[in-house]
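Once you have looked at the hints, place chain B on chain A.
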Amino acid sequence: MVAQESHQHAAPQGFIRKWVFSLDHKVIGLQYYFLALTAVFVGMFLSLLMRIHLIWPTAILPLLGAIKPETYLSLVTMHGTIMVFFVLTTAPQGGFGNYFLPIQIGAPDMAFPVLNMLSFWTTFTAYIVMLAAFFVVGGAPLHGWTGYAPMSALQSSGPGEGLGADLWIISIAVFCIASLMGALNFITTTLDMRARGMSMMRMPLTCWSWFITAILGLLAFGVLLSAGILLLMDRNIGTSFFLPLGTINGQLTGHKGGSPLLWQHLFWFFGHPEVYIAILPGMGVASQILSTFSRKPIFGYKAMVYAMLSIGLLGFMVWGHHMFMSGMSPYTAFAFSIMTMAIGVPSAIKTFNWLGTLHKGRIRFHSPMLFAIGFVSLFVSGGLSGPFLAQPALDIPLHDTAFVPGHFHLIMGVAAIFGIFAATYYWFPKMFGRMMNEKMARIHFFLTLIGTYCVFMPMHYLGLAGQPRRYSQLTELAYLHPLIGLNTFMTYAAIVTVAAQLIFLFNLFWSMFKGQKASDNPWEATTLEWTTATPPPHDNFGGRTPVVHNGPYEYSVPGAPRDYVMQSDPATVQAH
Amino acid sequence: MGLVILCVIWLITLASTYFFVAKTWWFPHGASAATAALDHQFAVTFILMGVIFLAAQLALGYFVWRYRDQPSATRADYSHGNLKLEIIWTTLTAILFVGLNLLGSPIWAAERFRPAVEGATRVEVTGMQFAWYFRYPGPDGKFGIARPELEDPSAGGEAALGLDPADPASKDDVVTGTMVVPVDREVEVILRAHDVIHSFFVPAMRFKQDAVPGLAIHMHFTPTEKGNFEITCAELCGLGHYKMHGMLKVVSQDEFDKWLADREAEKQ
Numbered sequence: 001m002v003a004q005e006s007h008q009h010a011a012p013q014g015f016i017r018k019w020v021f022s023l024d025h026k027v028i029g030l031q032y033y034f035l036a037l038t039a040v041f042v043g044m045f046l047s048l049l050m051r052i053h054l055i056w057p058t059a060i061l062p063l064l065g066a067i068k069p070e071t072y073l074s075l076v077t078m079h080g081t082i083m084v085f086f087v088l089t090t091a092p093q094g095g096f097g098n099y100f101l102p103i104q105i106g107a108p109d110m111a112f113p114v115l116n117m118l119s120f121w122t123t124f125t126a127y128i129v130m131l132a133a134f135f136v137v138g139g140a141p142l143h144g145w146t147g148y149a150p151m152s153a154l155q156s157s158g159p160g161e162g163l164g165a166d167l168w169i170i171s172i173a174v175f176c177i178a179s180l181m182g183a184l185n186f187i188t189t190t191l192d193m194r195a196r197g198m199s200m201m202r203m204p205l206t207c208w209s210w211f212i213t214a215i216l217g218l219l220a221f222g223v224l225l226s227a228g229i230l231l232l233m234d235r236n237i238g239t240s241f242f243l244p245l246g247t248i249n250g251q252l253t254g255h256k257g258g259s260p261l262l263w264q265h266l267f268w269f270f271g272h273p274e275v276y277i278a279i280l281p282g283m284g285v286a287s288q289i290l291s292t293f294s295r296k297p298i299f300g301y302k303a304m305v306y307a308m309l310s311i312g313l314l315g316f317m318v319w320g321h322h323m324f325m326s327g328m329s330p331y332t333a334f335a336f337s338i339m340t341m342a343i344g345v346p347s348a349i350k351t352f353n354w355l356g357t358l359h360k361g362r363i364r365f366h367s368p369m370l371f372a373i374g375f376v377s378l379f380v381s382g383g384l385s386g387p388f389l390a391q392p393a394l395d396i397p398l399h400d401t402a403f404v405p406g407h408f409h410l411i412m413g414v415a416a417i418f419g420i421f422a423a424t425y426y427w428f429p430k431m432f433g434r435m436m437n438e439k440m441a442r443i444h445f446f447l448t449l450i451g452t453y454c455v456f457m458p459m460h461y462l463g464l465a466g467q468p469r470r471y472s473q474l475t476e477l478a479y480l481h482p483l484i485g486l487n488t489f490m491t492y493a494a495i496v497t498v499a500a501q502l503i504f505l506f507n508l509f510w511s512m513f514k515g516q517k518a519s520d521n522p523w524e525a526t527t528l529e530w531t532t533a534t535p536p537p538h539d540n541f542g543g544r545t546p547v548v549h550n551g552p553y554e555y556s557v558p559g560a561p562r563d564y565v566m567q568s569d570p571a572t573v574q575a576h
Numbered sequence: 001m002g003l004v005i006l007c008v009i010w011l012i013t014l015a016s017t018y019f020f021v022a023k024t025w026w027f028p029h030g031a032s033a034a035t036a037a038l039d040h041q042f043a044v045t046f047i048l049m050g051v052i053f054l055a056a057q058l059a060l061g062y063f064v065w066r067y068r069d070q071p072s073a074t075r076a077d078y079s080h081g082n083l084k085l086e087i088i089w090t091t092l093t094a095i096l097f098v099g100l101n102l103l104g105s106p107i108w109a110a111e112r113f114r115p116a117v118e119g120a121t122r123v124e125v126t127g128m129q130f131a132w133y134f135r136y137p138g139p140d141g142k143f144g145i146a147r148p149e150l151e152d153p154s155a156g157g158e159a160a161l162g163l164d165p166a167d168p169a170s171k172d173d174v175v176t177g178t179m180v181v182p183v184d185r186e187v188e189v190i191l192r193a194h195d196v197i198h199s200f201f202v203p204a205m206r207f208k209q210d211a212v213p214g215l216a217i218h219m220h221f222t223p224t225e226k227g228n229f230e231i232t233c234a235e236l237c238g239l240g241h242y243k244m245h246g247m248l249k250v251v252s253q254d255e256f257d258k259w260l261a262d263r264e265a266e267k268q
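From first to last, the protein sequence lines are chains A and B.
The opening residue of the first sequence carries number 1 in my numbering; numbering runs sequentially from there.
The opening residue of the second sequence carries number 1 in my numbering; numbering runs sequentially from there.
Isolated chain A (complex conformation):
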């Protein structure tokens, strides 16, 4: 709180300092957001090609030609990697977190503006290196976003495992460095830069979610960075961290003594917290929006905070549930399984509290609210397949089948994306000074909700029937033939869903220039970003330093003149 004075820097004048190498957290937030926006369309396009190849394997596509089985696996790998790192990690935290964390806690900027700029440009570099993997000899790697060794550690395990795989690893390592810098900045900002009166327990739940996400990132990305460096060494300078004595195509690899399972432990020690890095900010945004548009205080604020904290903590103790079939000791499965089941408890608390927030509310159906409601529905659907996969016994039939992508796409894919959409519709007026078009938003919402359910719910059925993941064709095995019809339906649903995203894209850019002018507080919300000008000035509050008197979700307070009391309003609300 005392640290604020030293963080004031004058507004830059030139285009480069203002929009390219900017130190302003708002501009950096937008840079992250638009990077993620290009990434999500690339990732979505790749998934569309996958779905098309699965159903029409011989189709000749315009410009791209025929897709080969190895190309299919490159698509699998790059779709997963781009979506997880450059969309789900980048947009909610780097984008909205950067833009709104300082404003919501009443700070003029992030704690370390230069570090903030560096972390964006490092992320940007990682993104370019990742995309470059498509264009080198052999193409992009085949080893999936999980990059299991020895496949990822041997240059000769398939096309794409040469330079393409090196670029993939380098990109991820660089991304880790960027995320570490970002995490430090978020944690320091949250702890040191809060305005007077903004106690931790008065922070909006969005701020809590960004704060906890940053802690997870700080602890997880370092491990992935180390693992990535070891993998690069195995590939290029002859070490054997992940490579036992073995052959490839009948030729000795020249390595011995390493452990393929070591990679999995390191990867999933990062990989499982990463799931929460993707979804926690969505939880924060959903809470914020459900409360605002129900005109009701969030149900169980403290329970929500403790639930997120325990999800974060338990998230580090469950990585082994990805490895029940891996050959690690079967006894460890007990511990990992019970820890994983335990995560179901705070997740259930959150769902219960969201429903409790809607109960006896007075719900307004603006576009952010639609997506927040969709988020809850998807969170429930995706979450409830978790207790199946958390049981090692049920992993025997279900692991590595389509049931798993069904589960994680609903919860960390689509639910997280709905969180991003909700945040976009919610904060667009503050960021750009105009409202997004509600009609287009509604069409976008319903098509996307129904479409994504039609794509991902059937994956559970396919998983039960035993369809393995990452199969480029279903024609080779007789028992998969009856599943092709359902897969065809999913491909059509995917085409419709992708088309619906063009409505969003159009709405986004159209509204920036043609949208209705927004007032400073169009949603009649309570948090600090709605007390300042639209868009916010360079120092966020135009020379004022906000003072906070109230909790973040004081809606429908009895006796108050309006149905909302802002955080900076004079204290009228009794402590509770």
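Treat the hints loosely; a few may be bogus.
Keeping only pairs whose Cα atoms sit at most 27 angstroms apart, straight-line, the calculated DSS-like set for lysine-lysine is [said to hold, decoys possible]: (1) A:K18 - A:K514; (2) A:K360 - B:K84; (3) B:K171 - B:K84; (4) B:K23 - B:K142; (5) B:K258 - B:K226; (6) B:K84 - A:K302; (7) B:K142 - B:K249; (8) B:K142 - A:K256; (9) A:K68 - B:K243; (10) B:K249 - B:K226; (11) A:K302 - A:K256; (12) B:K267 - B:K23.
Calculated directly from the structure, the hints in this document are not laboratory data.
Same frame as chain A, but now just chain B:
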């Protein structure tokens, strides 16, 4: 708008549930001793999760419609939550999830904690890009030594596994591309991989285990029905992953003995 959201959420929920309940797409017919317990545990989990799924989604749709903003609506209820409800809810879910976990644990223990029984049919299963090889120890009951430097996948059979012809124990080893086992007798599989990780997945046997380079993983299952069952690879292993498959033939003990004897005879 509230009514539209209610209809859409309820419709999605009921349609999703219908296909689960109707078992339109379901587990393949199970033909192993593990099937009954596993399918039962799945059913229990499915019913519990299904009830929560229905309750949560239907409540979500209902609340959204019931508490919509309209001119006649009263001001929203000013409530910050209910500690008693939170405690009840937390306790119930904790009991549910931990209970479910404990219920499933004996099945896992039965599958994974004990070694195969004496007298099980022993088969070494080796995955390599992109085929499964099956090796039987022969009358001496011993697997001969395999050496990575002798591996020659293009030659197939024994040479693909790098069997050392100098080792007397390898003389009677039989290597095949189809896995044949007798019915109603436990099968001990010894899983290996030469190059990258593969996963030995036989849906009808409710059996899956990764094969990892550098490890020999001992597992077991008991086929209880005769027939042909497809084997797949469940772990991404390269461009031919989708066509890395094999066949498990479960036959009577007599047929198995005759089949193995014929293979031995062919070898000599």
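Structure-based check of all given hints:
For the hint linking K18 of chain A to K514 of chain A, the alpha-carbon distance of about 24 angstroms falls within 27 angstroms, and the restraint holds. For the given pair, K360 of chain A sits about 18 angstroms from K84 of chain B by alpha-carbon distance, which is consistent with the 27 angstroms threshold. Taking the CA atoms of K171 of chain B and K84 of chain B, the gap is near 73 angstroms; set against the 27 angstroms cutoff, the hint is violated. For the suggested pair K23 of chain B and K142 of chain B, the alpha carbons sit about 45 angstroms apart, so the restraint of at most 27 angstroms is broken.
Annotation: proposed proximity of K258 of chain B to K226 of chain B holds, straight-line Cα distance about 16 angstroms (limit 27 angstroms). Using a Cα cut-off of 27 angstroms, the hinted pair K84 of chain B and K302 of chain A holds, with the two alpha carbons roughly 13 angstroms apart. Between K142 of chain B and K249 of chain B the alpha-carbon distance is near 23 angstroms, which keeps this suggested pair within the 27 angstroms criterion. With a C-alpha separation of about 26 angstroms, the suggested pair K142 of chain B and K256 of chain A falls inside the 27 angstroms cut-off, and the hint holds.
The hinted pair formed by K68 of chain A and K243 of chain B meets the criterion: a straight-line CA distance of about 13 angstroms does not exceed 27 angstroms. For the suggested pair K249 of chain B and K226 of chain B, the alpha carbons sit about 7 angstroms apart, so the restraint of at most 27 angstroms is met. In summary, the hint linking K302 of chain A to K256 of chain A is not supported, as the alpha carbons are separated by about 52 angstroms, beyond the 27 angstroms threshold. Our distance criterion of 27 angstroms between C-alpha atoms is broken by K267 of chain B and K23 of chain B, whose separation comes to about 47 angstroms.
Comparing the model with each earlier hint shows violations of hints 3, 4, 11, 12; every other hint is respected.
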